[in-house]
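Visitor: In order, the protein sequences belong to chains A and B. Here the first sequence stands for residues 6 to 255, numbered as in the working numbering. Here the second sequence stands for residues 162 to 715, numbered as in the working numbering.
Honestly, the hints are just simulated from the structure, not real lab data. There could be a bad hint or two in this list.
[Unchecked claim] In silico EDC-like pairs for lysine to aspartate or glutamate, Cα to Cα no more than 20 Å straight-line:
#, chain 1, residue 1, chain 2, residue 2
1, B, Lys-293, A, Glu-82
2, B, Lys-293, A, Glu-64
3, B, Lys-532, B, Glu-609
4, B, Lys-293, A, Glu-101
[Stated by the list, open to error] If you anchor each label on the Cβ, the simulated ranges turn out as follows:
#, chain 1, residue 1, chain 2, residue 2, range
5, A, Ile-253, B, Phe-616, 50 to 58 Å
6, B, Ile-604, A, Lys-191, 43 to 51 Å
7, B, Pro-625, A, Arg-226, 40 to 48 Å
8, A, Asp-158, B, Val-250, 58 to 66 Å
9, B, Arg-620, A, Val-192, 55 to 63 Å
10, A, His-178, B, Leu-694, 55 to 63 Å
11, B, Leu-694, A, Asp-158, 52 to 60 Å
12, A, Pro-173, B, Arg-612, 30 to 38 Å
13, A, Val-192, B, Ser-545, 51 to 59 Å
14, B, Leu-225, A, Arg-226, 26 to 34 Å
15, A, Glu-23, B, Ile-217, 21 to 29 Å
Just so it is clear, CB atoms sit at the ideal spot from N, CA and C, and this is done for glycine as well.
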Amino acid sequence: MPQLIELRRVTKAFGSLERPTVVLEDINMSVHEREFVSVVGPSGCGKSTLLRLIIGLTEPTDGEVYYRGRRVQGICEGMAMVFQTFALFPWLTVAENVELGIHGKQLSKDERRMRVLKILELMGLHGFEDAYPRELSGGMKQRVGLARALISDPEVLLMDEPFSSLDPLTATHLREEVLDLWLDPKVAPEAVIMVTHNVEEAVYMADRVVVLTSRPGRIARDIQLNMPRPRDPRSNEIYRLVDEITGIIA
Amino acid sequence: MFCGSSPFDIFMRDLWVLLPYTLYSLLRMFIALAISYLFAIPYGVAAASSRRAEKILMPILDILQSVPILGFFPAAILFFILVFQEGWVGVELAAIFLIFTSQAWNLAFAVYESASTIPSDLDEASTTLHLKGLARFRNLILPACIPKLVYNGMMSWAGGWYFLVAAEMITLGSRAYALPGVGRYLAESTYSGDYSGTVLGLIFIVLTVLAVDRLLWKPLRTYAEQFRYEYVSLGEAPRPSHLSLSPAMRLKGLLKAPVAIKDVVHPFPVRLEPVVDRLRYVAVKPGKLLGRHVKVMICAVTLLGCGLAATRTSEIMRYAYSSWSILTEPFWNPELKSEVANIPVALAASILRLFSAYLLSLAWTLPLAVKIGSDRRMFAASASLMQVLASIPATALFPIIILATMSLPGGLQLTSIILTMTGMQWYLLFNLIGGVRSIPSDIIEASEAYRLGGFAKFRKVIIPALLPSLITGSITGLGGGWNALVVSEYVVFGGESIYVLGIGAMIDKAAYELGSFSLLLTTIIVMSATIILMNRLLWRRLYHFVFHRYRIDY
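Looking at chain A on its own, in the form it has when it is part of the complex (with noise of 0.2 Å):
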């Protein structure tokens, strides 16, 4: 499968020029297509600050990120992201959060409204429309943080923790939810990076895990997951993978 995203020798530190911390150090990997990648690592690792190098919030101190062969300068066309906290605009209802997605786009205003009805009908939030974030539950906030994600038909779907707010019980639907809509080949995206400090969470989705290391972060393993969809969570490989790679981290 070609190439979609290419880390080469990435560093990110902070703070000053004398005393910097080093985030990430000499991150060397790719993304292809059809791939859903997880980066799992204990807290602190630079897991986030990675997605944020791919999509271009922030700089790389060191070496290049690229995107389809060209170096990422600036917000990536193509990427969306959806984050830990939903980051949702309170101000806004779901319809309008959902409608930002595409507030660039040239399209008419019927077809803005057309496509938006029709990605809250996907994410299971019909009749929602015209409700504010505050009215919703966790669960039902982050279908709209998807739904705002994918209602641009990015290549590239970048999931910042992206259940770790939400309760077991809804964490576990809404992850069923997003495996449907990777095998559905009219809404997937080309690929999904996923960063999770939860393990099980990762193997159970991913078809590759990448382990990163404590502080700085660097790539301890990255392991090829070759198992069919549907997964069972409770099968023996699963948990071998889950045991290999939490021993890994701790």
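Please arrange chain B on chain A, whose structure you already have, making use of the hints.
Guide: What follows is chain B alone, placed relative to chain A:
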């Protein structure tokens, strides 16, 4: 004073004077508030938008805020009256300018604070969604500022009333200008000993403040609730959507063009639909028109202003020349020299007075704020009352306060402390109540679960949680206090001026008695420098310390 007519006749006649007077004052206040918003929003947003802009704009704002409001005055009056000659337009503009200076800085700080504390997830989300320029302003920055724009707008509004009297009764050297307005009526009645007029004027002010609170601020407060952030907590249950019936939604629907008509109509019975439709049309159409023509209008106004200024070039030049010669008038005039030598002592006396007033204000506002802030029902009931109390132009009531307190032990000193309190206590009270309201309920619940009662709860939970808002309240309250010093150390009462030793009294003396521009400028600079130094060396540091140590964040 009104001999030959019965009290009833006087009452009726005054009533007919007061009605248009109140409207005049109200119009003046609204124009000033509108200009304040127009100034504050771009200024604050610009200051928050880049480090470089912040480095230039914030110190300027700091200085502007520290210059006592009445210190802007002589220069502003001279300018406006000269540009428009002696006509009412110049005096009117000078008055609006004074009210503006009492409202704008606070709002600009509010915008800066809101725009620079936007949660990082929303900021990042906006960036990943390619929100730039106007789209970012409309969808992120402006909405984020709205709660503070409303809350600080209320404070500014009250502050404007406080200085209304000074704005409507302008004295400069030998010349005096009076504008039709309720503040002037109140002051004239009180100073001439016509206390029935005082009461009548007060009733009008209270009614006006109440009406504005009901018709403007209350709906705006509800509206602003929509714009508060919410923080993620685990397993949060959906709240009932009673909001969809609130007046805020209706207002929002009316104010906002892109909302579908059914959003607005939804809460109304079907037969009201045409009415709402019409209302929306009326509400939206001028806005759109205005938007389209706003650039043209700005150009026209600028051109008009330039033209007007050009026709007055000779006067302006003459004014500039004369003020320059006043400025360069030597200090060595023996009388002025002795005054300048008095500045350090006067400054010390004023600082002492200010802190006495501060401690006295704190002594009553802190317990009251804890009481009101922790009781939801009491808070709702008292919001309007406090808005009214804070809005009463206390300066007009000074003669009554003086009469009531002069015979107390401490005499004039105590009086001027009490007068100073009228200008600072409300800032403290409002900030403290806001602080109590924002203590997270889980902390209160935890303290109850561990049976922290009474004093222990006060000392271990409430005071530490309140410290950030106490500091903010202290900074704004002391700022108000410095302004109040100018009016409370020197009071003209019964035809003679009563004053105590202090820097505020010196400003008045320089402006009104000696007519010395250089002394006026010197005292104002000394006072502003003191305020800035105190803010930098004391309050700012305290603020940073408290913010790191006592901030509650999740």
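Visitor: Does each hint fit the structure? Answer for all of them.
Guide: So, going through the hints one by one against the coordinates:
Distance check on the hinted pair: Lys-293 (chain B) and Glu-82 (chain A) sit about 14 Å apart at the alpha-carbon level, within 20 Å; holds. A C-alpha spacing of about 19 Å is found between Lys-293 (chain B) and Glu-64 (chain A), which places the hinted pair at or below 20 Å, so the restraint holds. Of the pairs offered as hints, the one joining Lys-532 (chain B) and Glu-609 (chain B) holds, with about 16 Å between alpha carbons and a cut-off of 20 Å not exceeded. Distance restraint check for Lys-293 (chain B) and Glu-101 (chain A): the Cα-Cα separation of roughly 17 Å lies within the 20 Å cut-off, and the hinted pair is therefore satisfied.
At roughly 53 Å, the beta carbons of Ile-253 (chain A) and Phe-616 (chain B) sit within the given window of 50 to 58 Å. For the pair Ile-604 (chain B) and Lys-191 (chain A), the beta carbons lie near 49 Å from each other, so the given range of 43 to 51 Å is met. Checked against the given bound of 40 to 48 Å, the beta carbons of Pro-625 (chain B) and Arg-226 (chain A), roughly 46 Å apart, stay inside it. Remark: the range hint 58 to 66 Å for Asp-158 (chain A) to Val-250 (chain B) is upheld by a beta-carbon distance near 59 Å.
For the hinted restraint 55 to 63 Å between Arg-620 (chain B) and Val-192 (chain A), the CB-CB distance of approximately 58 Å keeps it satisfied. Look at His-178 (chain A) against Leu-694 (chain B): about 60 Å separates their beta carbons, and that is inside 55 to 63 Å. Checked against the hint of 52 to 60 Å, the pair Leu-694 (chain B) and Asp-158 (chain A) passes, with Cβ atoms roughly 58 Å apart. Separation of Pro-173 (chain A) from Arg-612 (chain B) is about 33 Å and conforms to the stated range, judged on CB atoms against 30 to 38 Å.
Checked against the given bound of 51 to 59 Å, the beta carbons of Val-192 (chain A) and Ser-545 (chain B), roughly 52 Å apart, stay inside it. Between Leu-225 (chain B) and Arg-226 (chain A), the C-beta spacing of about 59 Å breaks the proposed range 26 to 34 Å. The beta-carbon spacing between Glu-23 (chain A) and Ile-217 (chain B), approximately 27 Å, falls within the hinted interval of 21 to 29 Å.
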